[in-house]
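> Top to bottom, those sequences are chains G and B.
Residue 59 in the numbering used here is what sits at position 59 of the first sequence, and the numbering runs on without skipping anything.
Residue 78 in the numbering used here is what sits at position 78 of the second sequence, and the numbering runs on without skipping anything.
Any given hint could be a false lead.
To be verified - To give an idea of the interface, some chain G residues facing chain B are shown, with a C-beta separation under 10 Å as derived from the structure:
| # | residue |
| --- | --- |
| 1 | 10 |
| 2 | 30 |
| 3 | 63 |
| 4 | 64 |
| 5 | 67 |
Said to hold, decoys possible - Under the rule of at most 20 Å between Cα atoms (straight-line distance), these lysine to aspartate or glutamate pairs were calculated in the EDC-like manner:
| # | chain 1 | residue 1 | chain 2 | residue 2 |
| --- | --- | --- | --- | --- |
| 6 | G | 4 | B | 23 |
| 7 | G | 14 | G | 27 |
| 8 | G | 14 | B | 12 |
As the list claims (entries may be wrong) - Here are the simulated distance ranges between beta carbons:
| # | chain 1 | residue 1 | chain 2 | residue 2 | range |
| --- | --- | --- | --- | --- | --- |
| 9 | G | 194 | B | 80 | 53 to 61 Å |
| 10 | G | 86 | B | 75 | 51 to 59 Å |
| 11 | G | 191 | B | 80 | 13 to 21 Å |
| 12 | B | 75 | G | 210 | 48 to 56 Å |
| 13 | B | 26 | G | 89 | 40 to 48 Å |
| 14 | G | 163 | B | 71 | 41 to 49 Å |
| 15 | B | 26 | G | 163 | 38 to 46 Å |
| 16 | G | 14 | B | 25 | 17 to 25 Å |
| 17 | G | 208 | B | 80 | 52 to 60 Å |
FYI, nobody ran anything at the bench for these hints, they're computed from the structure.
Just so it is clear, CB atoms sit at the ideal spot from N, CA and C, and this is done for glycine as well.
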Amino acid sequence: MNAKVLRELVAAQKSGCDVVLATRLGDGAQELIEAGRGSDGLGVDEGVLADVLRVGESRTVETGDGPVFLRPYIRAPRLIVVGAVHIAQALVPMAALAGFRVTVLDPREGFATVDRFPEAVLVKEWPDRAMAGLALDGRTAVVALTHDPKIDDPALIAALQSDAFYVGALGSRKTQGARRERLGEGGFSAEVLDRIHGPIGLPIGARTPEEIAVAVLAEVIGALRR
Amino acid sequence: MDPSNSRHTNADPVLAQAAEWLDEGRRIALATVTRTWGSAPRRAGSHMVIAANGDFAGSVSGGCIEGAVIQTALEVIESGEPRTLEFGVTNEMAWEVGLACGGRVHLFVEPVV
């Protein structure tokens with residue numbers, strides 16, 4: 001590896017830029033390829049590059065000049081927690097520990113504070129405005145935890161209109177049913193509404209906020225890795 | 001509310017270490033897991049950086065093959081030529097250095113110059 005390539009790789013990661021390092025295993029020839037760009041020298045198929053970046057897993061591909069190892073360096077998956085509530089206080093540090101970039105969104109005064117969420121990016125705005133600025137993508141999960149339709153509903157609407165890999169909402173089956181009806185009237189099909197995980201979290205019989213956080217995080221990780 | 005907040009964009013610590021050692025003028029090699037089978041503990045893409053004096057950071061297994069990888073890395077630093085390595089229970093090297101977990105791994109070891 002050329003020292004210049006190593007330094008570019010470290011700089012790309014620091015600036016949050018997604019790249020693939022392609023290495024021809026026969027002779028060590030290398031190319032650092034930015035997301036959205038094609039391969040210049042090593043002749044790697046663009047579709048393969050896009051796939052490696054999307055999945056985030058390394059892979060060796062055959063080319064006319066022998067096998068080429070593709071190693072993606074991508075930003076960590078992101079978890080957007082809507083509602084800076086008690087469950088969020090358990091979920092946010094757990095998710096950060098598991099490697100997620102965590103954003104906490106809550107417009108209410110005193111909820112989304114640095115003291116309560118030192119690991120997270122905090123957004124103190126209403127979700128109907130704020131979600132548009134968060135650029136939800138296929139490596140983003142959204143969990144709505146407020147129980148308040150005024151906050152949860154607009155966040156869920158934005159999540160359902162995005163490629164978010166996971167959308168979940170706290171609430172009993174009855175609450176979920178009422179929510180489904182409201183969002184359905186807003187024009188979402190049953191198929192789209194099925195994307196909402198609710199009741200949220202793996203069914204492990206969680207009772208405390210901390211246990212519910214474990215169930216939610218496990219379900220999010222399951223959706224990410226599946 | 002910048003979602004690309006800097007606290008969320010850290011470089012791989014092994015690569016950061018490699019860059020730091022380079023800046024200090026040390027001679028180094030980078031070992032990367034390129035493929036795994038079975039229950040190998042470190043995923044493809046895992047890195048280990050090795051300096052000419054034997055210092056290393058990162059891991060490419062649960063600790064079973066690091067010694068052999070360091071040996072190869074020192075040779076690679078001297079020769080300047082990259083090498084591929086294979087470890088696993090089906091490999092004849094398994095009698096000396098193998099994966100107790102029963103997995104197999106392929107590695108690429110390259111000088112950084």
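> Check each numbered hint from earlier against the structure, then list the numbers of those it violates in ascending order.
3, 4, 7 and 11
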